[in-house]
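Colleague: Sequence:
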Amino acid sequence: PEEDSVALGRRMDKAHSKTAPCAIRIGIVRLPFISNYTDADPFENDPRIDLVYFDRPAEIFGFDAVIIPGSKNTIEDLAAMRKNGMADALCAFHKSGGTVVGLCGGYQMMGSIVRDPLGIESSIDTIPGLGLLDMETEMYPEKITSQVEASVISESLPFPGRREMLSGYEIHMGRSISRGEAKALFRIVRREGKAVDMEDGLAQPDGRAWGTYIHGIFDNDGFRNMFLEDVGRRSGKIVAPVSGSFSFRLWKEEQYDKLAELVRKHVDVARILDILLR
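Counting from 1, one number per residue, gives the positions in the sequence shown under this note's numbering.
The hints are simulated quantities; they were obtained by calculation from the structure and are not laboratory data. For glycine and all other residues, C-beta sits at the position ideal for the given N, C-alpha and C. Any given hint might turn out to be false.
[What the hints assert, rightly or not] Below, a list of computed lysine-lysine pairs in the PhoX-like style, where the Cα atoms sit at most 25 angstroms apart:
1. Lys143 to Lys194
2. Lys72 to Lys143
3. Lys83 to Lys95
4. Lys95 to Lys183
5. Lys143 to Lys183
6. Lys95 to Lys237
7. Lys72 to Lys83
[What the hints assert, rightly or not] Pair by pair, the computed Cβ-Cβ distance ranges are:
8. Leu276 to Ser96: 54 to 60 angstroms
9. Leu276 to Arg179: 52 to 58 angstroms
10. Arg190 to Lys95: 34 to 40 angstroms
All chains should be modelled from the sequences, with the hints used to inform the complete structure.
Modeller: As structure tokens, then:
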């Protein structure tokens, strides 16, 4: 997958071809220190979705849902959003009935406050968050990097009573704790192949504000469909049923097959192996 500023620039400049009124419009906030934006790959390749990367606050009211992506520097990106008006726009969008989702650093920004007493990310030791989640975050030197398997555990919105299993990965500093009505959204059951029992993510009771530290959650077709069904219900749009929906897993396998075929056609693999085995 692409993961650099040039690739991101191409994505932002790309024309949007999905103009059908039934398409779910999802906006990705282009943060100055954006990271792990490949989290949005499943949406970009899903024919039901019109995906837009944006950095102008005035654009926000054209979306059905907005995702705040990962960040290489949560505090500096949060400060930038406060300065350029994006923070106020996100709060107004949510207040108007929009759904806001935060992934990793974006999740941290959604709380009431972010603390960095050790100056791990910034000289700013404390900054107010967006206040969309009843949550506080504090930065710690330890960096968590792990592959995980988890299940949805929320008994309330946005996914009431669902127990969908999913896989993804964590790569973050900091810990986030609920300080009010926000409830855990996921239960991590395996980390690096070992059985665990840990809660992750938080959601407000109405389900229109939620976040998680788990990257790659939308790669999971079942979970992505749950999310789109929820957003579609709120926006009055009908989302294609699971049986007729786009499979990101199969799409990735097709891309790998195409890559393998290109290698077979244009690379002398036998010669390379001969050199390596000498």
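Colleague: Could you run down the list of hints and mark each one as holding or not?
Modeller: Evaluated hints:
1. This hinted pair checks out: lysine 143 and lysine 194 have alpha carbons roughly 18 angstroms apart, not beyond 25 angstroms.
2. Simply put, lysine 72 and lysine 143 have alpha-carbon atoms about 12 angstroms apart, close enough for the 25 angstroms limit, and the pair holds.
3. Of the supplied pair hints, the one linking lysine 83 and lysine 95 holds, its CA atoms being roughly 20 angstroms apart against a limit of 25 angstroms.
4. As the CA atoms of lysine 95 and lysine 183 are separated by approximately 20 angstroms, the hinted pair is consistent with the 25 angstroms bound.
5. Annotation: proposed proximity of lysine 143 to lysine 183 holds, straight-line Cα distance about 24 angstroms (limit 25 angstroms).
6. A hinted pair counts as satisfied when its Cα atoms are at most 25 angstroms apart, and lysine 95 with lysine 237 qualifies at roughly 20 angstroms.
7. The straight-line distance between the Cα atoms of lysine 72 and lysine 83 is roughly 18 angstroms, inside the 25 angstroms bound, and the hint therefore holds.
8. Leucine 276 and serine 96 have their C-beta atoms about 59 angstroms apart, which keeps the hinted 54 to 60 angstroms range intact.
9. Checked against the given bound of 52 to 58 angstroms, the beta carbons of leucine 276 and arginine 179, roughly 56 angstroms apart, stay inside it.
10. Evaluation of the 34 to 40 angstroms hint for arginine 190 and lysine 95 yields a pass: the beta carbon distance comes to about 38 angstroms.
Checked against the numbered hints given earlier, this structure breaks none of them.
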